[in-house]
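K.L.:
Protein sequences, first through last, are from chains A and B.
Quick note, the first sequence lines up with residues 1 to 198 if you use full-length UniProt numbering.
Quick note, the second sequence lines up with residues 1 to 198 if you use full-length UniProt numbering.
Hints are computed from structural coordinates only; laboratory data are not their basis.
Be aware that a few hints might be false.
Repeated chains share a single entry, so a pair holds when one copy, or any two copies, can fit it.
Derived lysine to aspartate or glutamate pairs resembling DMTMM-like cross-links, with alpha carbons at most 25 Å apart [what the hints assert, rightly or not]: (1) Lys-34 x Asp-180; (2) Lys-34 x Glu-47; (3) Lys-33 x Asp-124; (4) Lys-33 x Glu-147; (5) Lys-33 x Glu-47.
Number of protein chains: 2
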Amino acid sequence: MASPEIDALTQALARLPGLGPRSARRAVLHLLKKREGAMAPLLRALEAVNDRLATCSTCGNVDTSDPCAICADTRRDGRMLCVVEEVADLWALDRTRLFPGRFHVLGGRLSALEGVRPEDLAIDSLVARIAHGGIDEVVLAMNATLEGQTTAHYLAERIEHFPVRVTQLAHGLPVGGELDYLDEGTLAQALRARRPVA
Amino acid sequence: MASPEIDALTQALARLPGLGPRSARRAVLHLLKKREGAMAPLLRALEAVNDRLATCSTCGNVDTSDPCAICADTRRDGRMLCVVEEVADLWALDRTRLFPGRFHVLGGRLSALEGVRPEDLAIDSLVARIAHGGIDEVVLAMNATLEGQTTAHYLAERIEHFPVRVTQLAHGLPVGGELDYLDEGTLAQALRARRPVA
Numbered sequence: 001m002a003s004p005e006i007d008a009l010t011q012a013l014a015r016l017p018g019l020g021p022r023s024a025r026r027a028v029l030h031l032l033k034k035r036e037g038a039m040a041p042l043l044r045a046l047e048a049v050n051d052r053l054a055t056c057s058t059c060g061n062v063d064t065s066d067p068c069a070i071c072a073d074t075r076r077d078g079r080m081l082c083v084v085e086e087v088a089d090l091w092a093l094d095r096t097r098l099f100p101g102r103f104h105v106l107g108g109r110l111s112a113l114e115g116v117r118p119e120d121l122a123i124d125s126l127v128a129r130i131a132h133g134g135i136d137e138v139v140l141a142m143n144a145t146l147e148g149q150t151t152a153h154y155l156a157e158r159i160e161h162f163p164v165r166v167t168q169l170a171h172g173l174p175v176g177g178e179l180d181y182l183d184e185g186t187l188a189q190a191l192r193a194r195r196p197v198a
Numbered sequence: 001m002a003s004p005e006i007d008a009l010t011q012a013l014a015r016l017p018g019l020g021p022r023s024a025r026r027a028v029l030h031l032l033k034k035r036e037g038a039m040a041p042l043l044r045a046l047e048a049v050n051d052r053l054a055t056c057s058t059c060g061n062v063d064t065s066d067p068c069a070i071c072a073d074t075r076r077d078g079r080m081l082c083v084v085e086e087v088a089d090l091w092a093l094d095r096t097r098l099f100p101g102r103f104h105v106l107g108g109r110l111s112a113l114e115g116v117r118p119e120d121l122a123i124d125s126l127v128a129r130i131a132h133g134g135i136d137e138v139v140l141a142m143n144a145t146l147e148g149q150t151t152a153h154y155l156a157e158r159i160e161h162f163p164v165r166v167t168q169l170a171h172g173l174p175v176g177g178e179l180d181y182l183d184e185g186t187l188a189q190a191l192r193a194r195r196p197v198a
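Please work from the sequences and hints to get the whole structure.
P.N.:
In structure tokens form, the structure reads like this:
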């Protein structure tokens, strides 16, 4: 019995990940109640992003400028390049503030099942960036999944003839992880990669 | 390291009920990835609602027209009036499609603790609607909380001299409720209001 406009807004919100029909309705009610405090800022922010949205032609990051803020930042260490599957992974790693270098977004992972082949990913542009020189270390930060690791393997072979150090993220216990809740694969990795106590 | 525009959008989404910083980031990434399929519809829907948002001057519902769609609907049974605390409650009851009448939104509940007095709620306009005539039944659909029931009690006294039937929602076991998980208050209500098996 809500108006078609309100229904459309509820549906648009309900399609966001993490929101269902119920929480979308609650969100809409919140927006309707707080027109100045919530609706207006959201609308302005959405307009601003929609107007300026761009994919970085260097690294594949999504930002409001091309090159993106990371590629344009001269304080970044251009000698380190971190390769990730998706933009979300880039953001997650960047939030740690522990990686001083730049990124490269593949746009997915190799998958026989889903028919994703090397030419479907931003691999040629990655190889071109490495071939261009100036890079000392390439961090393969794929997901710890079968497909992620297959992709990392493939990339490692593709770039092994370049004079760069190729590394990957450590696998092991997640912080706060309790042994008896972890899967055997993680435990096996943690055991294999065990280190002397400092 | 995301642009200020993207940060602002993430923050605006994170303030919605049901979304936190983490899920807001995931939602933003989804919007950035699906510009045509998700971002554009959400932006259009938000603009449409923001442009036309109105509070119904009759019942207090929030809609894109005044009178709202419910008050304007001539198929609704004007002899039945359901009083609710908030717009969210109106929507929830209307979704059941079981109430054929119209609504009245109080805009809250009486609360000594929060200093909400009768004059802070849309009670005078409720009494005026009933005094205007044509209403046979008033359903007091307050929340089953102490404050909700206090409000219902107060309203019942305010309107008892009108020739209307005053009812309230049944209290008892929620559908799917298991006895040993329910609080004693609910069980006591369910027991007191027990009915002969049909």
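K.L.:
With reference to the structure, classify each hint as holding or not holding.
P.N.:
Each hint tested on the structure:
no. : hint             : verdict
1   : Lys-34 x Asp-180 : neither (46 Å within a copy, 39 Å between copies)
2   : Lys-34 x Glu-47  : both (19 Å within a copy, 15 Å between copies)
3   : Lys-33 x Asp-124 : between (50 Å within a copy, 21 Å between copies)
4   : Lys-33 x Glu-147 : between (45 Å within a copy, 21 Å between copies)
5   : Lys-33 x Glu-47  : both (21 Å within a copy, 16 Å between copies)
Of the numbered hints given earlier, the model fails hint 1 alone.
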